[in-house]
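Novice: As given, the protein sequences belong to chains A and B, one line each in that order.
Numbers 245 to 556, taken from this note's numbering, label the letters of the first sequence in order.
Numbers 3 to 85, taken from this note's numbering, label the letters of the second sequence in order.
Keep in mind that the hints are not guaranteed to be accurate.
Said to hold, decoys possible - Short derived list, chain A residues pointing at chain B, Cβ under 8 Å:
no. : residue
1   : Glu329
2   : Glu332
3   : Pro473
4   : Arg486
5   : Ala504
Unchecked claim - Label pairs and their calculated CB-CB ranges:
no. : chain 1 : residue 1 : chain 2 : residue 2 : range
6   : B       : Arg69     : A       : His282    : 31 to 37 Å
7   : B       : Arg65     : A       : Arg302    : 49 to 55 Å
8   : B       : Arg65     : A       : Ala556    : 51 to 57 Å
9   : A       : Ala556    : B       : Leu26     : 27 to 33 Å
Stated by the list, open to error - Negatives, chain A to chain B, calculated, CB over 12 Å:
no. : residue
10  : Asp284
11  : Ala340
12  : Arg341
13  : Arg359
14  : Arg390
15  : Gly393
16  : Ile470
17  : Asp494
18  : Ala555
These are computed hints drawn from the structure, not numbers from a lab.
Here a beta-carbon is modelled for each residue, glycine too, at the ideal position from N, C-alpha and C.
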Amino acid sequence: MAAAVAAGAAVAEPAAAARPDRVGIGWRGELAAGIFAHLDRIDLLEVIADDCFRATTRELRALSTLAAQAPLTLHGVAMGLAGSEPVETRRIDAMARLVDALQPASWSEHLAFVRARGIEIGHLAAPPRTPRNVDAAIANIGRATRLVGRAPLLENIATLIEPPASTLDEPAWAGAILDGADAGLLLDLHNLYANALNFGEKPEALLERFPLHRVRAVHLSGGRWIPEPREETATGATPRMRLLDDHVHDVPDPVFALLARLAERAPQPLDVILERDGGFPDFACLLAQLDAAREALRTGRLRAATTLREAA
Amino acid sequence: MSQAPLEAYLARLYTDDALREALLADPACAARDAGLDEADAAALSGIDRAGLRMAAASFAHKREQHRKPKMRLHERLRGWWRR
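With the hints as extra help, turn the sequences into a complete structure.
Specialist: Written out as structure tokens, the structure is:
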């Protein structure tokens, strides 16, 4: 695959020739056997950093062994960089120690808040998207960058609620933070897809409004439709449905189409990670999704090359 | 001015069933009681009600998952040997 993708990328733009796109998977213990048996079809692995913050020396050695098998990226899930409170130093220090020990290809976190005034929400929440929040997020990311020694890639999250009191839309808010922090975007295409469908926008249009020149990495996953609560549904009416990003279903075809469109629009090399947290299928099913991601990248790169040729 | 107070209030709405029901019943009164400024209180009056309930349920599910004991890292890393 790499050769095919590289060929497409090379004609898309000279910068893309620096290295090919890479396609990999999130490391999960349940997938270990499949991953080790198919390393020839996996370009990189993403490890959940928070699972490793208390790693012993022996466990760090095991992670280093894993990193020797394939390029590794570290993904944090609980720092809360887009919260308006300063992130606790101990949380950033934990990431800094891990980055120092493993020297990953990149590290990433979310554009989310996960706690406030000591209240743990339990997952990634979208803060009100305002200039005030942009400033706070930039300060948090700047401090994390200094302490870790390099900037994180920042991921857009899925949200079931339109964050109240927002004065910026998601692409403008994310773009302002990324510009202010001079950071790269980890674009989760299923999160984007879910937000678009849940809040009445075409996914392709939403994609175009994100700062695609900042995309360095991509997440792919799946989800399921869930009904709005009865309490908020008119008597006798059928509840509306919203798409929940749950990481336990296969990547839907429209998300691969978004990846192709992204590859067409963004000439820089992309690291694409398939996320699967449960409902694990046969590993062949996951390999097929990796192949589909490569095909989407190739399609997008070829479209871009065709456009360039026609314009020349 | 920081929006930390608003984010703290949202965190409570996502995790406190009684507070959430109070807000949904009378948003203006609940926001006033929370000491939020007028702009934030007005924004909460138009909150995405279904989304609030769905997000809160989703976060509760995640917190429940976090309470389950996790395997040590080395057990997960070595799990594949036992397959």
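Novice: Now look at each hint and say whether the structure bears it out.
Specialist: Going down the list of hints, with the structure as the test:
1. For glutamate 329 of chain A, the suggested interface contact is upheld, since its CB lies about 5 Å from the closest CB of chain B, less than 8 Å.
2. Interface hint at glutamate 332 of chain A: violated, since its Cβ lies 14 Å from the closest Cβ of chain B, which is beyond the 8 Å cut-off.
3. With a cut of 8 Å, the hint placing proline 473 of chain A at the interface with chain B holds, because the nearest CB-to-CB distance is about 5 Å.
4. Of the supplied interface hints, the one on arginine 486 of chain A holds, with its beta-carbon coming within about 6 Å of a beta-carbon of chain B, less than 8 Å.
5. At a threshold of 8 Å, the smallest CB-CB gap from alanine 504 of chain A to chain B is about 30 Å, leaving the interface hint violated.
6. Judged by the Cβ atoms, the range 31 to 37 Å given for arginine 69 of chain B and histidine 282 of chain A holds: they are separated by roughly 34 Å.
7. A beta carbon spacing of about 31 Å between arginine 65 of chain B and arginine 302 of chain A contradicts the range 49 to 55 Å that was offered as a hint.
8. The hinted window of 51 to 57 Å between arginine 65 of chain B and alanine 556 of chain A holds, with their beta carbons roughly 56 Å apart.
9. Take alanine 556 of chain A and leucine 26 of chain B: their Cβ atoms lie about 59 Å apart, and the range 27 to 33 Å is violated.
10. Distance to chain B confirms aspartate 284 of chain A as a non-interface residue, since its nearest Cβ pair spans about 16 Å, more than 12 Å.
11. The claim that alanine 340 of chain A lies off the interface holds: its Cβ sits roughly 18 Å from the closest Cβ of chain B, which is beyond the 12 Å cut-off.
12. For arginine 341 of chain A, the condition that its CB be more than 12 Å from all CB atoms of chain B holds, with the nearest at approximately 14 Å.
13. At the 12 Å boundary, the C-beta of arginine 359 of chain A falls inside the reach of chain B, the nearest C-beta of that chain being 7 Å off.
14. Every CB of chain B lies more than 12 Å from the CB of arginine 390 of chain A, the least distance being 21 Å, so the non-interface label holds.
15. Even its closest Cβ contact with chain B, about 23 Å, leaves glycine 393 of chain A beyond 12 Å, as expected for a residue assigned away from the interface.
16. In this structure isoleucine 470 of chain A is not separated from chain B by more than 12 Å, as the shortest Cβ-Cβ distance comes to only about 7 Å.
17. Every CB of chain B is more than 12 Å from the CB of aspartate 494 of chain A (nearest about 20 Å), matching its label as outside the interface.
18. With a least beta-carbon separation of about 43 Å from chain B, alanine 555 of chain A lies farther than 12 Å from that chain, consistent with its non-interface assignment.
Violated hints, in rising order: 2, 5, 7, 9, 13, 16; the structure is consistent with all others.
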